[in-house]
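Asks: Working from the sequences, and respecting the hints, build out all of it.
As you go down the protein sequences, you meet chains A and B in turn.
So the first sequence is numbered by my numbering: it starts at 6 and just counts up by one.
So the second sequence is numbered by my numbering: it starts at 6 and just counts up by one.
Heads up, a few of these hints could be off.
A pair counts as met if it fits within one copy or between any two copies, since identical chains are not told apart.
[As the list claims (entries may be wrong)] Here are the simulated DSS-like cross-link-like pairs (lysine-lysine), alpha carbons at most 25 Å apart as the crow flies:
#, residue 1, residue 2
1, LYS112, LYS211
2, LYS227, LYS14
3, LYS10, LYS419
4, LYS50, LYS62
5, LYS29, LYS50
6, LYS85, LYS238
I should point out that these hints are in silico values taken from the structure, not numbers from a laboratory.
All values derive from a computational prediction rather than experimental measurement.
Here is how the chains run, residue by residue.
There are 2 protein chains.
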Amino acid sequence: MEDEKIVEKVTTLIENKRINELRKYLENINSADFPSIFENIDDEKIIMVYRLLSKEKAAEVFVELEHDDQENLINCLTDKEIKNVMNKIFMDDAVDLIEEMPANVVKRILANTKSENRKIINELLKYPEDTAGSLMTTEFIDLKENMTVEKAFDVIKAKGLQKETVYNCYILSADRKLLGVLDIKDLLIAETDELVKEIMDTNVIKVQTLEDQEEVTKVFDKYDLVAIPVVDKENRLVGIITIDDAIDVMQEETEEDFELMAGITSTTDDSYFKTSVFTHAKNRILWLLLLMLSATITGTIMTSFENTIATLPILVAFIPMLMDTGGNCGSQSSTLIIRGLATDEIATKDLFKVIWKELRVSLVVGVVLAVVNGIRIAVQYHNTLIAIVVGITLICIVISAKLIGGILPIIAKKMKLDPALMASPIITTIVDVISVTVFFGLSTLILNI
Amino acid sequence: MEDEKIVEKVTTLIENKRINELRKYLENINSADFPSIFENIDDEKIIMVYRLLSKEKAAEVFVELEHDDQENLINCLTDKEIKNVMNKIFMDDAVDLIEEMPANVVKRILANTKSENRKIINELLKYPEDTAGSLMTTEFIDLKENMTVEKAFDVIKAKGLQKETVYNCYILSADRKLLGVLDIKDLLIAETDELVKEIMDTNVIKVQTLEDQEEVTKVFDKYDLVAIPVVDKENRLVGIITIDDAIDVMQEETEEDFELMAGITSTTDDSYFKTSVFTHAKNRILWLLLLMLSATITGTIMTSFENTIATLPILVAFIPMLMDTGGNCGSQSSTLIIRGLATDEIATKDLFKVIWKELRVSLVVGVVLAVVNGIRIAVQYHNTLIAIVVGITLICIVISAKLIGGILPIIAKKMKLDPALMASPIITTIVDVISVTVFFGLSTLILNI
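Replies: In structure tokens:
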């Protein structure tokens, strides 16, 4: 709603060429609202609008934009304008930008970056993807332990504007080792002549540069932090990660899990519409092919019961119901276990606790489904024997589906694979084989075919 | 790792009765580490450990604990101890506690709460679940517009400790209308004699008390906020929501989506192991029953092609592969669309854009699958005609599955239902019907049975 109003206002001002009014209006809009403005106006107007912004605003808006808009902008901007952006944005945003732009654009960006920043960017680019080091920025407030609170405020006043956050300040030794942390609240309620070391918290929650980014988000969540210091192996402070970037990672990881669990191999961060048809097809086809070919095993097993089917073709009518129920039971369990593992509620050492739980749950579920379905069959086909065969099969399928769904994600994690791999598609394929074998096996046995 | 070390240390100190050392050690542990300590020691030791904590720490630790530990503790604590906790915790945590505890415990909690706080709690309890009002707390820093920066610091110094956050301060008019917001950074870099109104941001990002909590999290994410003011219809500031609570909501909503998409009706916030076998069964059985009975439709359709099956029983062998592929294709699309809708990347007005995209993707995917599978059938069965029938069926199934998977979540959203309902289980059941009908229909037609 809000978005649409802003876009409407901007387009009206452009159309009526009320440039001065537009300039004032733009300056008061939150930078985070610009992507939706740019999405709704023509490319040539984008550069016109962008040039109306003050230097500060221009840099702020730039980092909020989508990658394709950033690329288009850079291609239109002068060197001086690029320099302004690169002087003002934080180092983590600079690194993100460089990682996403094509080589010729990167060349131009770096050519317009101060050499000291270029050095920092190059250092940051060395950290492996998905580590704390690749997420952090280098603009933090550092204090000395023998400073007074008054002096600390002077430091913040002098440097605060260029720092990504002042909510937390870090106390470093002469050799830049991390000694403590100060929440700005503790500074504000302290007496001005107290020493920083008297009020700082020495029990610092921190992460190492090579820590996995998913672990970093868990630390944020557990300790309710707004920023986390990143140290090297010698406990030297090299950067900080702020909560907004941690939230982005949480969302990325969630999307990855959703896609993996649906059998999609994601190769891009782009949105649904920005991903090309070809890329969409490529992302989806690998798993489909694999699962399609695996599913033929179930088919082959069915062929081996050709005689049973020929004698009692009605049996085939139960196949979809049995297969679907097995698949659904399995994916319920695997989803719960995959999420439990992702949120650390379940650990790999809980394997037998999970088995014991799923076993009992599946017994309850299996018996209820078997009874309801038994009644349906008895009423529909007047055949108690088939009702019994289908009922026993259902119980066997539910139990095995829930056990497999419970066990496989844990085993995957033990093998250092992503548990989300063991979701609905794979579980369904495995449970299908069991369903068909148990059903036709029991039918042959009990119905004396 | 870290957790285990702390737990080990604590248990050793308890066993060796080194109480003074334990007291000191506990005071230095982060409150967020206490739940895992309490999980690993006996109930009677929990109260012993808890009583070693200072008053401040005791309140801090209390809000971090699991609900069952909180309940056990309250039953062991004296009225005075409960009073201490209730005097120190923030109002949003008090409300959470009261919402989760059984009636007799709530009675005791409220009896030990100051009457002014009891009034606030009762006000907060009135906001509907899942709204901004139900998430907010009332401890924020409010300033007046004509204060100097120096005076503002005095206010923060005097009241800061009792406020949930000092990162953002809110400027109110005499009748408590929200006039502006000040990030603490802006206060810190301002001159002491400047007026608050000269530096405050009047373009305040805020939410209304009845705003849906999911929308609130989107505002946090879009504008990279650490706290958001909540206003009533008259723009009076009634509370704030902090980022840590917003993150909890994000995670809750994600879990809900995961569970709903796997056909689980979640009725509890408890973890996997804390949920009883009976509750697990109850949460899973509804969808399984519904889907099991729907799947019998597919079975009934198959029975109607009894003659076709009797003439060419080999056809049955392709059923599992066709059904599974259809189900997988559909759930890939529905997952992408459900997530796109959840993250606002896709809007309901994009229905035709989605259809056009899925149509093209499914054509590419369908043709590739049909060709690969055609080759396999030609090689395995030396029967080109069957390869053609299965191939055409595959293409039809992929297209319809992807269209249904793309369309249903959007329609659900238009009907104000949760799009996550339209996930794998339902799509699979619908696509099964199409798969079987198309396959046997085409077989009868092309193979002249």
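Asks: Output the numbers, in ascending order, of every earlier hint that fails for this structure.
Replies: 1 and 6
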